[in-house]
Amino acid sequence: MQFPILSVIVFIPIVTAVIILFIPGERKNEVRVTALAGATLAMLLSAWAYFSYDIPASGYQFLEKYDWLPSLGISYQVGIDGMNAPLVLLTGIVMFTGVLISWGIDDRPREFFTFLFILATGVFGVFVALDLFMLFFFYEIAVFPMYLLIAICGWKETREYAAMKLTLYLFIGSVVSLVGALAMYFASGLGTFDMLALEGAGFSEDFQRLWFPFVFFGFAVLGGIFPFHNWSPDGHVAAPTAVSMFHAGVLMKLGAFAALRVGIMLMPEGAKFHLPWIILLSLVNVVYGAYIAMVQTDFKYVIGFSSVSHMGLVAMGFATLSRSGLLGAGVQMFSHGVMTALFFAVVGMVYDQAHTREIPRLGGFRKVMPVVAIAFIIGGLTSMGMPGFSGFIAEFPIFMGVWSSHPWIAIVAAISIVITASYIMRIVGRVFYGDLPEEFEHHVRDVTTLDKLALVLLSGILIVVGVYPSVMVPLVESGVDKILALLGGV
Amino acid sequence: MFNGGFDPVNILAILPEISLLVLGLLVLGLDLVLPEERRGILGWVTSSGLVLALGISLAAARPGEEAAIIWGGMLRHDWLGFTFKMVFLFAAAITALFSMDFVQAGHRGEFYLLMLASTLGMSLMASAADLIMLYLAIETTSIPLYILAGFLIRDDKSTESGFKYFLFGALTSTVMLYGFSLLYGFTGSTNLYALAQGFQTGGLPITVVLGSLLLVLVGFGFKVSAVPFHFWAPDVYEGAPTPVAGFLSTASKAAGFAVLARVMIAVFPNIATEWGAIVAALATATMTIGNVVALTQRNIKRLLAYSSIAHAGYALIGIVAVSNLGVASTVFYLIAYVVTNLMAFGIVTVYGRVSGSDEISAYAGMSRRSPWLALALMIALLSLAGMPPFGGFVVKFAVFAAAVQAGMIWLAIVGVLNAIVGLYYYLIILKYVYLYRSEDDDKPFPVTRPYAIGLTTLSLLIILIGTVFAPWFSAASTAAMAILR
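Just so you know, the protein sequences line up as chains A and B, in that order.
So the number in this note's numbering is just where the residue sits in the first sequence, counting from 1, plus 1.
So the number in this note's numbering is just where the residue sits in the second sequence, counting from 1, plus 9.
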């Protein structure tokens, strides 16, 4: 029997969480070291799984299947293909860097890391799940620790409100999809939650048209789709840095990915029927998100809304149902994950030193924290879709896909690039260049080595994917082929 | 009447009841013999005796493949009854653990005796196959519970609670008895399984059958605290000694469900569509009102009372879908619910002992005072909210699946919407526990051994039900099969 690498990846975080729980609360350093060890292991294993995926063979690999509740056809089944392999790697990276930059958390780090790692298990579980029940099981596991993480460690002003709003939004989304999933289970007549079997269930067209919106929107709430995006900026801003990174970086992809896997892949006819108007919603996401980001004065809200805008591109890519659109969306999920994790890390570092996030009050941070400034600029260029960075590899195919089917939408969406450039430039100019205000001169210090390590890793990945796209594109393409086959070769 | 009553099978079948009786007498005897200061061991005796009874019954009293009518038609020895009996024994064992250090109750033999008597009644309820047996069993369950609820005679709230419970109970039980008498009058039989045939051959108008069903339903609705027969629950839970409230909300409610499922499905199979609609309406009202009113509660016992009303609503969903999956999901739901709610009330008992308050605001800073207890409360509340990997998730999934399978998607949607409301108020409690601080943050928090044992067992069980669910589900499924065939 081959090494069950995916299960090991899924269960490392939760096992680490349990170990951390048994460390006495006051031995904070041991808690941190344990957390780092778990995160490192998870990241290395996910990288190993990513790089040892056999692209020419394609399809689901590293499959494992165990009966869970055979009488209802529930099994524990995991596997990765071209679409989720990058996301597993992304989770590993964000988890590792998240632990690095959370080193300084001093209030109950034991609870913090425990909940963070439970969350990580949920995320890994959803990405690798090939069983519909299992997908929901892990999806919910990823939702509830969020509440406690934000409520306990978040920004004092809004954390209670934002944590509750976020949790309820996501829970509503997931239970709506759950009803859809149950309908699929009974309509298929197969008596199984195995998604590989459900792919071939051949649901009637009417059924798909009725239930597709339930499933798709239920999950897309977590992907931040308009008009259900409202929880996300509030949640991101209130969350502590590592949680924002996790949230915007990984959790939003969870929603998008589940909408793809359960919505589009299991009900392709429903997707063809509904996606033409969903593309309009995603257009609102892209342009409106970018516009709101531009007028914010709070650094973290800018990034929060930029996530809404960029996730709109993912939904738009899906909605084209074309090869290039899906390819771009697949890469964008990874690229945006890394990029936004980088952004939130930077915001957190600036805030920790300045104790304010009001852009007009900041300035000159390049002088005290040069690495942070460079990292932010790299992230910013990625976000604008500059060639040489991963954002280009992702966004260009999306625009190509949209152009070929809906040229005017592509034109309108392209406005967002300009707006993005404007708010990124503004932050770079106001926060990192200019003069350091007097009030900061004495107490603002450079970030720690661990922080720098996290930033270097994140920005390095953006560049590597940008200049050497072969590290990701062929892999995602193999996954896209599979989806196109389900769609009947559109 | 007891033809073949001394067949050893008949004796083995009531082994749980016999052990309860023996244990009750033992506790009573010890209470007389032991000096006052050593009566602390009574709780240990009761609890370990119940665990022993559980073990013995599992080993020797299991029913066969085919259900057997025993004791002259009074009882039906089948898997439904057996599964519920095991749940009752377990709940009683845990309640005994949690009562041990409860002031004014934990050191008194009659407390445990009453609890055992009530458990005995529940066991008989779960397997009663005759209207007379059923009525006796229900009264044997209820009367000790009335006394237990009012056990703290120096506490006005407790006596009020006992009295209120008694009045409501007596009223609904009268109505139910009237229903029973109608059933007997129309069919000339008291045996549940003969009643069904009597209805089928009698050619009675549907209004008559439905009318007597409604009267019976009043009594059962009271036991499971379904809306609109729920008014007693919050007041009684609030005033009763906390371990008793836990027992009421779990074992007693589960017993009500055992009877409800059996009578509805065995006696009225031919009007299943009609009563299905009635129960669906009850379920909707119960879930919605329970959850919505819970939102406004400031006292955790009252909040848990309303939440337990709501949970009765979820469990009813499975009965509405008169199917194997439906009844199985109800039984499965109740197993997880009993374990979870026992734990929630157990924590309230522990915390109330030390902090002296049951207000939700008193839970501020709990995670700093006692991280483990806070974690236990988190497990219990998230399981009630239906979050994995705890038991509450998979059982909710099962009842919603049953509703969808029966074509009642609207009911599943009502259920999931309610689950959202539920999540909200459970999270509010967790907010107090984890987020807020109190002046007593650094005071140590004693958790005595019985509580530690009980809470550890329960939290492990909750996680076990939520992750390794196949054995539990197959037990529930076997139980369902016993009454559906």
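Some hints could be false.
[Said to hold, decoys possible] Below 30 Å or equal to it, Euclidean Cα-Cα: the simulated DSBU-like pairs (lysine-lysine) are:
#: 1; chain 1: B; residue 1: Lys452; chain 2: A; residue 2: Lys157
#: 2; chain 1: A; residue 1: Lys157; chain 2: A; residue 2: Lys483
#: 3; chain 1: B; residue 1: Lys452; chain 2: A; residue 2: Lys29
#: 4; chain 1: A; residue 1: Lys157; chain 2: A; residue 2: Lys29
#: 5; chain 1: A; residue 1: Lys453; chain 2: A; residue 2: Lys368
#: 6; chain 1: B; residue 1: Lys166; chain 2: B; residue 2: Lys452
[Claimed, not checked] Quick list of the computed label-pair ranges, beta carbon to beta carbon:
#: 7; chain 1: B; residue 1: Lys452; chain 2: A; residue 2: Val419; range: 38 to 48 Å
#: 8; chain 1: B; residue 1: Val112; chain 2: A; residue 2: Trp156; range: 17 to 27 Å
#: 9; chain 1: B; residue 1: Lys452; chain 2: A; residue 2: Asn30; range: 48 to 58 Å
#: 10; chain 1: A; residue 1: Pro25; chain 2: B; residue 2: Gly49; range: 41 to 51 Å
#: 11; chain 1: A; residue 1: Ser406; chain 2: B; residue 2: Ile472; range: 43 to 53 Å
#: 12; chain 1: B; residue 1: Ile287; chain 2: A; residue 2: Lys157; range: 28 to 38 Å
These aren't lab readings, by the way, just hints derived from the structure by calculation.
All values reported here derive from a predicted model rather than from experimental measurement.
C-beta: ideal position from N, C-alpha, C; glycine also.
Structure-based check of each hint:
For the given pair, lysine 452 of chain B sits about 25 Å from lysine 157 of chain A by alpha-carbon distance, which is consistent with the 30 Å threshold. Our distance criterion of 30 Å between C-alpha atoms is broken by lysine 157 of chain A and lysine 483 of chain A, whose separation comes to about 46 Å. Distance check on the hinted pair: lysine 452 of chain B and lysine 29 of chain A sit about 21 Å apart at the alpha-carbon level, within 30 Å; holds. A threshold of 30 Å between alpha carbons decides the hint, and for lysine 157 of chain A with lysine 29 of chain A the separation of about 22 Å falls inside it, so the pair holds.
Taken as a hint, the lysine 453 of chain A and lysine 368 of chain A pair is honoured in the structure, with Cα atoms around 15 Å apart against an allowance of 30 Å. Under the criterion of a C-alpha separation no larger than 30 Å, the hint pairing lysine 166 of chain B with lysine 452 of chain B is consistent with the structure, at around 29 Å. Between lysine 452 of chain B and valine 419 of chain A the beta carbon distance is about 59 Å. The supplied range of 38 to 48 Å is therefore violated. Remark: the range hint 17 to 27 Å for valine 112 of chain B to tryptophan 156 of chain A is contradicted by a beta-carbon distance near 43 Å.
Checked against the given bound of 48 to 58 Å, the beta carbons of lysine 452 of chain B and asparagine 30 of chain A, roughly 26 Å apart, lie outside it. Our hint of 41 to 51 Å for proline 25 of chain A and glycine 49 of chain B is violated, since their Cβ atoms are close to 31 Å apart. Taken as a hint, the range 43 to 53 Å holds for the pair serine 406 of chain A and isoleucine 472 of chain B, whose Cβ atoms sit roughly 49 Å apart. For isoleucine 287 of chain B paired with lysine 157 of chain A, a C-beta distance near 50 Å fails the hint of 28 to 38 Å.
In summary, the structure is inconsistent with hints 2, 7, 8, 9, 10, 12 from the numbered list given earlier, while agreeing with the others.
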